[in-house]
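Peer 1: All chains should be modelled from the sequences, with the hints used to inform the complete structure.
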Amino acid sequence: MKAGKILIILLSISINLILYATEQESDYIKINDIEHKLFTNPINQLLQFEDFHNQYITVVNTIKNFSVSSACWRGYTAYFEIKNDLLYLYDIIVHTVSLENIGNPENKDISIYSKLFDSKTSFFCDFYSGVLIIPAGECIKEIYSGYDSIYENYLIIKIHNGQVVQKKEFKYNELEDRKMEAFKKYKLTEKYKTDFSEAKKIFTVVTFAEELDNILYKSDELYLYDYFSF
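Using the working numbering, the final residue of the sequence shown is 231, and nothing's skipped along the way.
Do not take every clue at face value.
[Said to hold, decoys possible] Lysine to aspartate or glutamate pairs mimicking EDC-like chemistry, simulated, CA-CA at most 16 Å apart:
{"no.": "1", "residue 1": "188", "residue 2": "175"}
{"no.": "2", "residue 1": "201", "residue 2": "214"}
{"no.": "3", "residue 1": "192", "residue 2": "214"}
{"no.": "4", "residue 1": "159", "residue 2": "127"}
{"no.": "5", "residue 1": "188", "residue 2": "199"}
{"no.": "6", "residue 1": "121", "residue 2": "153"}
{"no.": "7", "residue 1": "186", "residue 2": "214"}
{"no.": "8", "residue 1": "188", "residue 2": "227"}
{"no.": "9", "residue 1": "180", "residue 2": "214"}
{"no.": "10", "residue 1": "65", "residue 2": "110"}
{"no.": "11", "residue 1": "38", "residue 2": "199"}
{"no.": "12", "residue 1": "202", "residue 2": "212"}
{"no.": "13", "residue 1": "194", "residue 2": "214"}
{"no.": "14", "residue 1": "185", "residue 2": "143"}
{"no.": "15", "residue 1": "38", "residue 2": "143"}
{"no.": "16", "residue 1": "180", "residue 2": "149"}
{"no.": "17", "residue 1": "38", "residue 2": "24"}
{"no.": "18", "residue 1": "219", "residue 2": "182"}
{"no.": "19", "residue 1": "194", "residue 2": "177"}
{"no.": "20", "residue 1": "84", "residue 2": "149"}
{"no.": "21", "residue 1": "142", "residue 2": "127"}
{"no.": "22", "residue 1": "38", "residue 2": "26"}
{"no.": "23", "residue 1": "121", "residue 2": "82"}
{"no.": "24", "residue 1": "109", "residue 2": "86"}
{"no.": "25", "residue 1": "159", "residue 2": "86"}
{"no.": "26", "residue 1": "185", "residue 2": "227"}
{"no.": "27", "residue 1": "38", "residue 2": "149"}
{"no.": "28", "residue 1": "168", "residue 2": "227"}
{"no.": "29", "residue 1": "142", "residue 2": "177"}
{"no.": "30", "residue 1": "172", "residue 2": "149"}
{"no.": "31", "residue 1": "159", "residue 2": "82"}
{"no.": "32", "residue 1": "31", "residue 2": "110"}
[Claimed, not checked] Computed spacing ranges between beta-carbons, pair by pair:
{"no.": "33", "residue 1": "122", "residue 2": "64", "range": "17 to 27 Å"}
{"no.": "34", "residue 1": "118", "residue 2": "68", "range": "14 to 24 Å"}
{"no.": "35", "residue 1": "226", "residue 2": "149", "range": "37 to 47 Å"}
{"no.": "36", "residue 1": "218", "residue 2": "23", "range": "13 to 23 Å"}
For the record, the hints were derived by calculation from the structure and aren't laboratory data.
No experiment lies behind these values; they were computed from the predicted model shown.
We put the CB at the ideal spot given by N, CA and C, even for glycine.
Peer 2: Written out as structure tokens, the structure is:
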């Protein structure tokens, strides 16, 4: 993983943990025509491409009253679908808020998908390799921070270059055990040392190694793809 990608992930989690310690609006994914919350943000990887990143910034800068809130630090909500074991992106929505007219019809969601992709059809996510986390069943404990609310079950899908390679549903406790196993494997690598060093530079107010470890554990995009066991 490139240093730039590590930096983006850590900066994202830092915004969530330090500035906006509130529950986040998720992305969404359709599977068999049923829409689910998605506790992973694949667009993070697409934003690593300079051309797309610049295009995204250009587009949102043209939107009047574009809003980034504490409930959605990304500034967008992305909509995905899995069809024939392939991952597709079919919409990206941003929210606008007029501070002069709160509650006014001018406050609305706007799709920027066609401006980014010059197409109204879905976009094959061959840019993405990672692990999708999809909550399922009842929410058994609401936690108003990030994606920390606890659900009965989670569907975990491993994607390589946009294609499903593994998937399995886990109970919450089993998923946490598997994530901890993956994190322990990750801690034995040079990659962990590099990521820890990057985190230390970003979280200058964090002085204890245990706290930095907790930040890296929550930044599961750094290690699940390589070390999670199905």
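Peer 1: Hint by hint, say whether it matches the structure.
Peer 2: Going down the list of hints, with the structure as the test:
1. Distance check on the hinted pair: residue 188 and residue 175 sit about 20 Å apart at the alpha-carbon level, beyond 16 Å; violated.
2. Between the alpha carbons of residue 201 and residue 214 the distance comes to roughly 10 Å, so the proposed pair stays at or under 16 Å and holds.
3. Simply put, residue 192 and residue 214 have alpha-carbon atoms about 13 Å apart, close enough for the 16 Å limit, and the pair holds.
4. The suggested pairing of residue 159 with residue 127 holds, with an alpha-carbon distance near 13 Å, which does not exceed 16 Å.
5. With a C-alpha separation of about 14 Å, the suggested pair residue 188 and residue 199 falls inside the 16 Å cut-off, and the hint holds.
6. Simply put, residue 121 and residue 153 have alpha-carbon atoms about 36 Å apart, too far for the 16 Å limit, and the pair is violated.
7. About 13 Å separates the Cα atoms of residue 186 and residue 214, which keeps this hinted pair within 16 Å; it holds.
8. For the hint pairing residue 188 with residue 227, the CA-to-CA distance comes to about 12 Å; that is within 16 Å, so the pair holds.
9. As the CA atoms of residue 180 and residue 214 are separated by approximately 13 Å, the hinted pair is consistent with the 16 Å bound.
10. The suggested pairing of residue 65 with residue 110 holds, with an alpha-carbon distance near 12 Å, which does not exceed 16 Å.
11. Simply put, residue 38 and residue 199 have alpha-carbon atoms about 30 Å apart, too far for the 16 Å limit, and the pair is violated.
12. Between the alpha carbons of residue 202 and residue 212 the distance comes to roughly 14 Å, so the proposed pair stays at or under 16 Å and holds.
13. Between the alpha carbons of residue 194 and residue 214 the distance comes to roughly 11 Å, so the proposed pair stays at or under 16 Å and holds.
14. Proximity of residue 185 to residue 143 is assessed by CA-CA distance (about 27 Å); at most 16 Å being required, the pair is judged violated.
15. Note on residue 38 and residue 143: the hinted pairing holds, with a Cα-Cα distance of about 15 Å set against a maximum of 16 Å.
16. The hinted pair formed by residue 180 and residue 149 meets the criterion: a straight-line CA distance of about 14 Å does not exceed 16 Å.
17. Restraint check for residue 38 and residue 24: satisfied, since their Cα atoms lie roughly 13 Å apart, inside the 16 Å limit.
18. Distance hint between residue 219 and residue 182 is fulfilled; the C-alpha atoms sit about 14 Å from each other, no more than 16 Å.
19. Restraint check for residue 194 and residue 177: not satisfied, since their Cα atoms lie roughly 23 Å apart, outside the 16 Å limit.
20. Among the hinted pairs, residue 84 with residue 149 is inconsistent with the structure: their alpha-carbon atoms are about 28 Å apart, more than 16 Å.
21. Proposed proximity of residue 142 and residue 127 is contradicted: the alpha carbons are some 35 Å apart, above 16 Å.
22. Note on residue 38 and residue 26: the hinted pairing holds, with a Cα-Cα distance of about 9 Å set against a maximum of 16 Å.
23. With a C-alpha separation of about 15 Å, the suggested pairing of residue 121 with residue 82 holds against the 16 Å cut-off.
24. In summary, the hint linking residue 109 to residue 86 is not supported, as the alpha carbons are separated by about 33 Å, beyond the 16 Å threshold.
25. Restraint check: the Cα-Cα separation between residue 159 and residue 86 comes to about 11 Å, which is no more than 16 Å; the hinted pair holds.
26. For the hint linking residue 185 to residue 227, the alpha-carbon distance of about 12 Å falls within 16 Å, and the restraint holds.
27. The suggested pairing of residue 38 with residue 149 holds, with an alpha-carbon distance near 13 Å, which does not exceed 16 Å.
28. Proximity of residue 168 to residue 227 is assessed by CA-CA distance (about 15 Å); at most 16 Å being required, the pair is judged to hold.
29. The straight-line distance between the Cα atoms of residue 142 and residue 177 is roughly 15 Å, inside the 16 Å bound, and the hint therefore holds.
30. The suggested pairing of residue 172 with residue 149 holds, with an alpha-carbon distance near 15 Å, which does not exceed 16 Å.
31. Taken as a hint, the residue 159 and residue 82 pair is honoured in the structure, with Cα atoms around 14 Å apart against an allowance of 16 Å.
32. Only pairs whose Cα atoms come within 16 Å are accepted, and residue 31 paired with residue 110 is rejected, the gap being roughly 20 Å.
33. For the pair residue 122 and residue 64, the beta carbons lie near 22 Å from each other, so the given range of 17 to 27 Å is met.
34. For the hinted restraint 14 to 24 Å between residue 118 and residue 68, the CB-CB distance of approximately 22 Å keeps it satisfied.
35. The hinted window of 37 to 47 Å between residue 226 and residue 149 is violated, with their beta carbons roughly 21 Å apart.
36. Residue 218 and residue 23 have their C-beta atoms about 20 Å apart, which keeps the hinted 13 to 23 Å range intact.
In summary, the structure is inconsistent with hints 1, 6, 11, 14, 19, 20, 21, 24, 32, 35 from the numbered list given earlier, while agreeing with the others.
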